[in-house]
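Residue numbers (my numbering), protein chains in the order written: chain A, -12 to 459; chain B, -12 to 459; chain C, -12 to 459; chain D, -12 to 459.
Misleading hints may appear alongside valid ones.
The list that follows gives simulated cross-link-like pairs (lysine to aspartate or glutamate, EDC-like), each with its CA atoms no further than 16 angstroms apart [stated by the list, open to error]:
| id | chain 1 | residue 1 | chain 2 | residue 2 |
| --- | --- | --- | --- | --- |
| 1 | C | K237 | C | D171 |
| 2 | C | K181 | C | E218 |
| 3 | A | K46 | A | D21 |
| 4 | D | K78 | C | E81 |
| 5 | B | K198 | C | E180 |
| 6 | B | K291 | B | E180 |
| 7 | B | K78 | A | E81 |
| 8 | C | K198 | B | E180 |
| 9 | C | K309 | C | E416 |
| 10 | C | K291 | C | D252 |
| 11 | A | K78 | B | E81 |
| 12 | A | K56 | A | D126 |
| 13 | B | K237 | B | E286 |
| 14 | C | K181 | C | D171 |
| 15 | B | K309 | B | E416 |
| 16 | D | K198 | A | E180 |
| 17 | D | K383 | D | E436 |
| 18 | C | K56 | C | E37 |
| 19 | C | K78 | D | E81 |
| 20 | A | K181 | A | E218 |
| 21 | C | K56 | C | D126 |
| 22 | D | K181 | D | D264 |
| 23 | C | K78 | C | E104 |
| 24 | A | K198 | D | E180 |
Computed Cβ-Cβ distance ranges for the label pairs, DEER-style [as the list claims (entries may be wrong)]:
| id | chain 1 | residue 1 | chain 2 | residue 2 | range |
| --- | --- | --- | --- | --- | --- |
| 25 | B | E104 | A | A325 | 31 to 37 angstroms |
| 26 | B | E104 | A | G353 | 53 to 59 angstroms |
| 27 | C | K291 | D | A168 | 39 to 45 angstroms |
| 28 | D | A187 | A | S22 | 54 to 60 angstroms |
| 29 | C | K56 | D | T449 | 30 to 36 angstroms |
| 30 | D | Q285 | A | G230 | 57 to 63 angstroms |
| 31 | A | A177 | C | G217 | 30 to 36 angstroms |
| 32 | C | D240 | B | Y351 | 56 to 62 angstroms |
| 33 | C | D240 | B | R362 | 52 to 58 angstroms |
| 34 | A | S22 | D | K291 | 15 to 21 angstroms |
| 35 | B | E104 | A | T65 | 22 to 28 angstroms |
| 36 | B | E436 | A | T65 | 23 to 29 angstroms |
| 37 | D | Q49 | C | G217 | 31 to 37 angstroms |
By construction, these hints were calculated from the structure, which means they are not laboratory data. Cβ atoms here follow ideal geometry from the backbone N, Cα and C, with glycine treated the same way.
Protein chains: 4
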Amino acid sequence: MSDVAAPGLFDRAIRRITSAWRDVAGSPSRDEDDSIAAQIRACLEGRGGEVSARYRAAKLAQTYLALDKAGRIDFLRTLATFDSDPAVVAKAYEVVGEAQDPAERAAATSALRRALEPPRMRLLMQFTTIPDGMKFIVDLRGFLLSVTRGEDGPEPLLMALESDMRSLLASWFDMGFLELARLDWSSPAALLEKLVGYEAVHHVRSWRDLKDRLDSDRRCYAFFHPSMPGEPLIFVEVALVAGLASSIQKLLDTRAPVLDPRAADTAIFYSISNCQDGLAGISFGNSLIKRVVDLIGQEYRNIKVFATLSPIPNFRRWLDEKLSAANAPALLSEEEGASLRTAAPIGGPAPETGTQALAAILAYRGWWRDAPMTRAAEPVLARLCARYLLSEGRGKRALDPVAHFHLSNGARVERINMLADTSDKGLRESAGMMVNYLYDPAQIEGNHEAYAGEGRRTASTTVRRLARGWGG
Amino acid sequence: MSDVAAPGLFDRAIRRITSAWRDVAGSPSRDEDDSIAAQIRACLEGRGGEVSARYRAAKLAQTYLALDKAGRIDFLRTLATFDSDPAVVAKAYEVVGEAQDPAERAAATSALRRALEPPRMRLLMQFTTIPDGMKFIVDLRGFLLSVTRGEDGPEPLLMALESDMRSLLASWFDMGFLELARLDWSSPAALLEKLVGYEAVHHVRSWRDLKDRLDSDRRCYAFFHPSMPGEPLIFVEVALVAGLASSIQKLLDTRAPVLDPRAADTAIFYSISNCQDGLAGISFGNSLIKRVVDLIGQEYRNIKVFATLSPIPNFRRWLDEKLSAANAPALLSEEEGASLRTAAPIGGPAPETGTQALAAILAYRGWWRDAPMTRAAEPVLARLCARYLLSEGRGKRALDPVAHFHLSNGARVERINMLADTSDKGLRESAGMMVNYLYDPAQIEGNHEAYAGEGRRTASTTVRRLARGWGG
Amino acid sequence: MSDVAAPGLFDRAIRRITSAWRDVAGSPSRDEDDSIAAQIRACLEGRGGEVSARYRAAKLAQTYLALDKAGRIDFLRTLATFDSDPAVVAKAYEVVGEAQDPAERAAATSALRRALEPPRMRLLMQFTTIPDGMKFIVDLRGFLLSVTRGEDGPEPLLMALESDMRSLLASWFDMGFLELARLDWSSPAALLEKLVGYEAVHHVRSWRDLKDRLDSDRRCYAFFHPSMPGEPLIFVEVALVAGLASSIQKLLDTRAPVLDPRAADTAIFYSISNCQDGLAGISFGNSLIKRVVDLIGQEYRNIKVFATLSPIPNFRRWLDEKLSAANAPALLSEEEGASLRTAAPIGGPAPETGTQALAAILAYRGWWRDAPMTRAAEPVLARLCARYLLSEGRGKRALDPVAHFHLSNGARVERINMLADTSDKGLRESAGMMVNYLYDPAQIEGNHEAYAGEGRRTASTTVRRLARGWGG
Amino acid sequence: MSDVAAPGLFDRAIRRITSAWRDVAGSPSRDEDDSIAAQIRACLEGRGGEVSARYRAAKLAQTYLALDKAGRIDFLRTLATFDSDPAVVAKAYEVVGEAQDPAERAAATSALRRALEPPRMRLLMQFTTIPDGMKFIVDLRGFLLSVTRGEDGPEPLLMALESDMRSLLASWFDMGFLELARLDWSSPAALLEKLVGYEAVHHVRSWRDLKDRLDSDRRCYAFFHPSMPGEPLIFVEVALVAGLASSIQKLLDTRAPVLDPRAADTAIFYSISNCQDGLAGISFGNSLIKRVVDLIGQEYRNIKVFATLSPIPNFRRWLDEKLSAANAPALLSEEEGASLRTAAPIGGPAPETGTQALAAILAYRGWWRDAPMTRAAEPVLARLCARYLLSEGRGKRALDPVAHFHLSNGARVERINMLADTSDKGLRESAGMMVNYLYDPAQIEGNHEAYAGEGRRTASTTVRRLARGWGG
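Whenever a hint applies, use it, and build me the whole structure from the sequences.
Here it is as C-alpha cells:
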C-alpha cells in the first residue's frame, strides 16, 4: 500500500487547512491522553467546533500513516470499536415494535437508522477535509480488505468496519458522481505513469508501447471522482479496427500501421482495469463500457460493432481438472482422440488416450508453433472452451469471471479465437485462446435479463454449436 | 419551487444518457402498469441492468416534474412506502441480540444497518445520473420540507423520508467535498443573477448595486458542490474597510469611494445567505466564515480584524412584549423614564410611563431622524439590546438566531451600533440597531466551548457592562 | 478614451515586471534629463539590457497616461520624430540602384527595408510587455486617429506615425491570430457589460434585453486577440428564426416566446459592431460572418438560410436631397403622385406635387401608423430604396456603407422590409425600412468578384425589378 | 525538417477552414495555370474575397509540404520573386527627396515603407490561418536558413526572403506576446516528449531521467507563443541546491536524494535550449532567465543565489591551437612545465616541454581519474580557462559563445569547476571543466553596460586573479 503523500507534503496540507486556527487547535493535545482511542474521541467530541475537529482528524491521519502494518491494524481495531450505542439502538428498536400504523413505523424505522449511525463513520467523514483525504479513506478500506481476508481467518470486528465503509463509499462513488475522461498522449505524464501501474490485463512494456495505445486509432477512457483528481478509478483501452480483432499481439504491435478511424468499423475493448483496491465490490465496468460505446458511436458513425477481445483466465485450470478426471475420455470423440494421439509430441511415454495426448501437447513448450499439433488440438480446444464458457458454472453464474462480467452486462459470447494470446500468461491460463464478447445495444437489455433471471447465456450460433459438442 | 430544467432540455438530457439503449429500455413501459408505484418498482428491480434502470429513473423524474403540488405529494408518499422490509429487519435485530461477544455484535449490527437500507434511497441514488440530478434531489427535499411542515400538521411518513434524505445529503454535502470559490464581476452573469435571487439579508437593488458589492474592496465567496455546478450552496459578502463598520447603508452606498484593500485593517462579513432550501439543517456557515477569514488573512497581512455587521432580527418583537408586560416599568431607571417622557412625540395622549414613552417614540415614523428622541432612546435601546443578546434565551441557547449562530461558531458580541440599519426592515425588526460579532482566531475555540458547553456567551467589556444594566 | 488601468493597478503591474531589477533600473532617472524625448531615447538605447529597457517603457506609458489631451498630443509628436535616419536610408537606396541583377536588387531592397524601420516602432513593441500593453497600444492609435482627423486639419507627422502603427497592428491582428468565442449568459458579467457599451447598431436597453439577446434561440460571437483578453474586437448578434426576419422590433421583443433552434430554418445577423477605435481600417467583419455561418451551419443542419436584417443608414438623407431637387417630379409615376397627394396629411398648404406629398408624409409624426399614408408611400419608398441600394454610388462603390460592406463580402440584396425599424432612429435615417442581405455560400465568391471587379451588385429578382422602376 | 502535420490531418484542417466555401473556392483552379507562381498569384489577388484567398494559401502550403528538398528550394525562390515593385518604390523615394520639411518627409517616408511592403509577406500572413500555420511559417524560415547557408555559398535572393521573414517573426514573437509556463511531471506527455527532443545541452537519457529533472527540487520553464500551442520556443532547467553546484553528473544523478526546496539557497540554471531553428537570431534567453530568477525568488525567499553551471564549448579547440603554436612554451611557468612533464603518461616519447606534456595528458584516456595527472594539470587548466573566458575574443566580444551570452545578459564569471563534466563530450570540448555565471540582480545592469559598452568582462576576484596568470 502506498501512502497518499510524503510527510512533508502532508504537513503542509495540514497547515493549509488550519493556519489561523493552528495555535489554538494544536494546544489541547499537550496535556492529554495521546492514545489513538483518545485522539479519536477528541475528534468525535468536536471540541472547539467542527473546524478544530477536522484539524484533529488530519493529525490522526498523519499518525496512522506513520504506523507500520501491525500498528495500522491496531488503529483500525480501535476505530472499529466506535460503534453505535447498543442501549440507544435497543430503545429505538422498541419504538419500532410499538408503532401503531405504517406511518408510525416508518418514522420509528427512520429514527432507528439514525440511532445506528456509528461514530466511526463520522470520523471517516472528517478525513474528507484533508487534501487527498478521499484517497486516504479509499486506501484505508483497501488495507482493511487485505487484512480481513488475512492469515488468521476473517476478523468480525474489522469486517463490520469494512462493510460500513463499503456502504459509505458506494454512496460517494455512485456512478452519477463520476467523471468520464479520455486519456491520450496529451494527458499529464504523471497520470499516464499511473495507468502503467494500474494496467492489470496486458502489461505496458514501455513508454513507446503506452504511446501506441493512445494513438489516433486507439481510445482510452477512465472514470474519475471529483474528490480524487488525477486518480483513475477504472479505465478501458479500445482499438478502432476493421473487423473483429482476433489476436492481442497484433493489436499491441507497435510496428503495425495506424488506421484512419474513419475507415474502421469495429471498436475492440481489449483491456479494462480497476485501479483502486479500496473500491472493490463497487462496480464501474458496466457503466464505463456503455458510456464509451455511446461516445465512440457518436463520434464515428462508421463504427457499428462493439466487442471485446477478452482473456479466459481460468480455462486451463478447468481443462486440466477435466483432463485428469476419471471420466476424461468422454470429453473427446473417437476421431478427435485419434488425431490428438498422432500429433502428440515425441519423447516420453506415448499417450494412451486422446486426453492424455492433449495434455501432452499443451505441456509441450512451443506446441502453438507446431502445425500438426495445432491442427489436432484447435478444434478440440475451441469446442471445450465454448462448453466452458456457456455451460460450466456455479448455479446460474458462469464459472469464468470475465464471462460472468460481460454476460451480466448483457453482452453475448461472439467468437472464440485460437492463438489469440501467445504470451506466456496467455498460453498458461487459456491455451492461447481469447474470446470476443459482443455489445449489441439492441440486445443488451434482453441478454441481461436472460442471464440475470434464468441464468441463460447468449452466444452466437457458431459458439452455441461448438458448445453443443461432437455428440450434439 | 423551480424545476430543474425546461422540458425540452430534460428530454435532451435523457437522450444523452441513453441514446443507444433507448429503443430497448423505452419499450417495457408500453404494455405495463404505468402507476408511479409500478414505475418505482421497475427502477428498483433494475431489469435490463443498471444503465437501463437509470434511464427509467430519469423518466420517473420527468413524470414528477410534470405533476402539480398535490400530485407531487402523492408521488412522495408513494416513494416513502418503499421502506426496508420489517421481517428482514426483525431477523437481523435478533442476530444482534444473540451476539456472544463485542466483535460478533459489531458484525451483526453492521448487518442490521444493511437490512435497514430502504429501497427508496437506492432510487434517489439513481437520480444522480440525470443531468442536474443532484439539484433535482435537493429540490425534492426542499419540497418535502415545505409540505411536512404543512397545514395539517406533520406527516410521519413524509417526515421519515425527509429524515433519510437529510442523512444522505449530509453525507454527500460533507464540507470535505465542497469547493470554495470567489465570485466577482468576472463571474458568469448567470451565476451572479442567482446570487441576486438568493441574497436573503440585504436585498440587491440593481446590477449597479451588485457590481459595487463585487468591487476591489469587497469579497464574495461561495461554496459549490461538484455535482451542482453553477449552483451556490451558501455565500458570504465581505467589505474590506478601515475600522469596524457601524452602518449597513454606508457599506452599501454605491457612491462611496473604493478603498485600496492594502489600506484596510478590518474585514466585515455583512451578509451570509443559504441558497438551497433542500439543504436545510446541513450547516455550511461556520466553515465558510473560517475559510474566508483564512483566505483574506493570507492575502492581506494588513487585515487583522474579522467581524460581522449583523442584523438582530427579533429584537423588536422581544422588546414590544417587554414593553407591554405588567412589569414593564422595571425595565428603566427613573432618569431614563423621565428623559423618554420628555422626548416623546406630541399628539395623542401623553405617555404616563417611560416605557409607554419609548413605545410611542418607536411607533413614531422618523423618530430616528429626530435628535431629542434618539438622544433619549439610544442609551435605553443599547442597554436592552445588550441584555437581549447576552441574557435572553431558551435554556443555554440565545434567543436571537443570528446571535446563536455566531456564538456557536466561537465569535463574541463586540459592539452594538445605533441607527446602523435605517431601512424599513431594519427599523421594524431591530429599532435600527445592528451588532458586530468578532471572530478572533485566538479565542474562537475557547468561546465555542464556553457557549456549547455551559451556554456562556462571550462579549466585549462594553457590551457586558451595558447588559449588566442601569442598576449595575 | 478610457485608460487601460487605474494608477494603483499599473504600479503593481510594473512592479511585477521588474521586481528584482527595480532598484537598479529605477536609479538612472535620478540625475537625468526627464523630458519625454529623453525618456524615449533611454528606452531605445536599451541601456542595462532589454529587460531594463522594458521597465523604462512601462514608466513611459505611465507618464503618458497621466497627461491631459494636449500633453498626449505633444507626447505623440515627440514619439513621431523618432524616425529612421535619412542618411542611412539614402545610402541603402543607393545600393538598390546599383544592383546588377534581380537577386542583388532583392537583397538591397531587403536591406533598405531594415534601414527604414523607425526606432519609434521598437518603442511601441516594448509596450507589449506591460500588462494590458496591447490595449494601451491600440488605444494610442485610437487617440491618434481622433486627433489626426482633428480641427486644424490633418497633421502629416502624426499621420505618418498613425500609418506605421496601422501597419504594425494589421500584422499583429491578422485574422489567423484571432480567437472566435461564443458569448452567452454564462459569460463573465464584466465582458457582457462591455458588449453593452460597444453595441453600435441597436442599443441594449437593459440587462433583461441583454439576457434576451443571449437566449437559446440567439447567438453572439466575438473575435478576441490573445494579448487583449476580455476585450472583444468585433461581435455579431444572430437570431435563429423561421423565415427571413422583417422587423427588428419583433426580433428584440423580450416578451416574444423562445424558439427551439431545431425548429429554425434561418439565421438572421441583426447587429455587428466594431469595438476598438484603434483598430479602424483593419477589417474583421467579413471573416467573422463567414466563420459564424460555418459554425451555425454545422451545429444546426436545419438552418439553411443565412441573412442579415440591416439598417440603411443614409437613405433618408439621399431621399431628402432627391425630393428637394429640381427634377424631383421625375421620381414618381403619375399614379404614384396622385395617390400620395390624396394621402398627404391635412393641415398646412396642400402639396402641389407627389414628391411634396411624400415629403409631407415623411415629415408627419406617426405617418407609419396611418393606413392611408403607408398604403400610398410604401410602394414608392420600396422602389426608391431599391434604386438607392442598387444604382447609387461613387464609382463602383455603393453609396450606402452597409450595402458596400455586405456586397464586398459577396452577399446579395435579398429583400426590402417596410416598417422594419420603427424606432426614432430607424424612421429618421431610413423611413423605417431595413434590408436583408443574403449570404449564400454557393454564390459568395461569384458575387464578390462581380462587385469587386466590375462594381456589379447582385440582388434578388424582386429587388432588381423594384429598382428598375415604374417605367420598367 | 519535420513537417507540421501528417497529410490526413492537414486535409482535415483545410476542410475545417473552408467547409461551406469549399466547392466554390475549390473550382477556379480547375481550368488554370497550376504552377507555383500562378498559385501564389491567385492567393495574392484575393479573388473571391479574403476567406477564399486563405483557402488557396492552405492548398499552397499543402503543395509545399508534398515537395522534396529541391522542390522546396524552387518554391522559395519563386516566392522570393514576389517583391515590391521597383518603379513604385522609386516613385515613393522621389517624394521623400522632395519633402519640404520634416513633417512632409515623415509622411513620405511612411509612404515609402508601404511601397516597400513585399507581396510575399502578405502571402506568409495568409498562412497564419492554417491550423499549425505559425509552426509552418517558422519551419519555412528554418528550412530557408539551412539552405541559404548551403553548399554553393549564400544565395542573395533567398537571403532577402529570409531577412524579411526574420523581421516579421521578430515582431510576432516579441517577448511581450510570449507565455511563460512551468513544466513538470503533470505536463502533457506529448510536450515532455518534445523537451527530450529539443534538449541541446545535456541529453535526456530516459523517462526516468526526465522525471528526475522535473522533481520537486527542480524547475523547468519554457516560453510559448499563443499561435503555437504545445510547441516550446526555449526552455531552461534549474536545480534548487545548497551551495554553488560544481558537477553536472552529480546534478543529474537520478539516485541522488531530493532536497526540500525550502532548505535550498541557490538556483542553478544548468541547461537552456532553443527549440525552433526557424527563430534563430530572435533572442529569448536573456528574458527567460530573468523572468525565472524573479519567479523562483518570489516563491522561495530562502534562495538568494542565482547562477548557471555552464559548458565551455570551445575551450579545448582554443587550447589545442595554443599548445601547438610556436610560442606555446610561454603559456606555462617553469614550475608548471616541470610538474606536467613529471606527470605525463608513460609510453610514447617523453614530452620535451610542459605544453607537450599537457597535450599528452589531455590525450590520455582517463587522465581525469589519475591523481598525479590531475594534480599537475588542474592549476594550469584553471588558469588558462580563466584567461580564455576573460581575455580571448574578437573585438569586444568573448570568444566563447556561452560566455558571450551570459556576459551580455549582465552575469559575471563566478567560478571555474574542475572535472565538472566528465562525460565524453565534456572532456572533449572543455577538458571536463564547467563555469558558474552569477546573476546578481543588483549588478546585472552595470555588468551589462560594462560589457556591451567597453567590452569589459566582470568576474569574481578568484577568477580575475587566475586570469592574470602566473606572471601576473
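Against the structure, the hints come out as follows:
1. C:K237 with C:D171: Since the Cα atoms of K237 (chain C) and D171 (chain C) sit roughly 20 angstroms apart, the hinted pair is violated (cutoff 16 angstroms).
2. C:K181 with C:E218: holds, 8 angstroms
3. A:K46 with A:D21: holds, 11 angstroms
4. D:K78 with C:E81: Measuring from Cα to Cα gives roughly 14 angstroms; hence the hint holds.
5. B:K198 with C:E180: Satisfied, since the Cα-Cα distance of roughly 10 angstroms is no more than 16 angstroms.
6. B:K291 with B:E180: violated, 32 angstroms
7. B:K78 with A:E81: The given pair, whose Cα atoms are some 14 angstroms apart, holds under the 16 angstroms limit.
8. C:K198 with B:E180: Status holds; Cα separation ~10 angstroms.
9. C:K309 with C:E416: Cα-Cα ~15 angstroms, so holds.
10. C:K291 with C:D252: holds, 6 angstroms
11. A:K78 with B:E81: Roughly 14 angstroms separates the two Cα atoms, so the pair holds.
12. A:K56 with A:D126: Between K56 (chain A) and D126 (chain A) the Cα gap is close to 13 angstroms, so the pair holds against 16 angstroms.
13. B:K237 with B:E286: violated, 25 angstroms
14. C:K181 with C:D171: Since the Cα atoms of K181 (chain C) and D171 (chain C) sit roughly 13 angstroms apart, the hinted pair holds (cutoff 16 angstroms).
15. B:K309 with B:E416: holds, 15 angstroms
16. D:K198 with A:E180: holds, 10 angstroms
17. D:K383 with D:E436: holds, 12 angstroms
18. C:K56 with C:E37: The given pair, whose Cα atoms are some 30 angstroms apart, is violated under the 16 angstroms limit.
19. C:K78 with D:E81: holds, 14 angstroms
20. A:K181 with A:E218: holds, 8 angstroms
21. C:K56 with C:D126: This hinted pair holds, its Cα atoms lying about 13 angstroms apart.
22. D:K181 with D:D264: Measuring from Cα to Cα gives roughly 14 angstroms; hence the hint holds.
23. C:K78 with C:E104: It holds: about 14 angstroms lies between the C-alpha atoms, which stays within 16 angstroms.
24. A:K198 with D:E180: holds, 10 angstroms
25. B:E104 with A:A325: 31 to 37 angstroms: For A325 (chain A) against E104 (chain B), whose Cβ atoms are near 60 angstroms apart, the range 31 to 37 angstroms is violated.
26. B:E104 with A:G353: 53 to 59 angstroms: Roughly 55 angstroms apart at Cβ, these two residues keep to the hinted range, so it holds.
27. C:K291 with D:A168: 39 to 45 angstroms: holds, 44 angstroms
28. D:A187 with A:S22: 54 to 60 angstroms: holds, 59 angstroms
29. C:K56 with D:T449: 30 to 36 angstroms: violated, 58 angstroms
30. D:Q285 with A:G230: 57 to 63 angstroms: With a Cβ separation near 58 angstroms, Q285 (chain D) and G230 (chain A) satisfy 57 to 63 angstroms, so the hint holds.
31. A:A177 with C:G217: 30 to 36 angstroms: holds, 32 angstroms
32. C:D240 with B:Y351: 56 to 62 angstroms: This hint is violated: roughly 49 angstroms between Cβ atoms.
33. C:D240 with B:R362: 52 to 58 angstroms: This hint holds: roughly 57 angstroms between Cβ atoms.
34. A:S22 with D:K291: 15 to 21 angstroms: About 45 angstroms separates the Cβ atoms of S22 (chain A) and K291 (chain D), which means 15 to 21 angstroms is violated.
35. B:E104 with A:T65: 22 to 28 angstroms: holds, 26 angstroms
36. B:E436 with A:T65: 23 to 29 angstroms: holds, 25 angstroms
37. D:Q49 with C:G217: 31 to 37 angstroms: The hinted range 31 to 37 angstroms holds for Q49 (chain D) and G217 (chain C), with Cβ atoms some 36 angstroms apart.
The structure fails hints 1, 6, 13, 18, 25, 29, 32, 34 (numbered hints given earlier, in ascending order).
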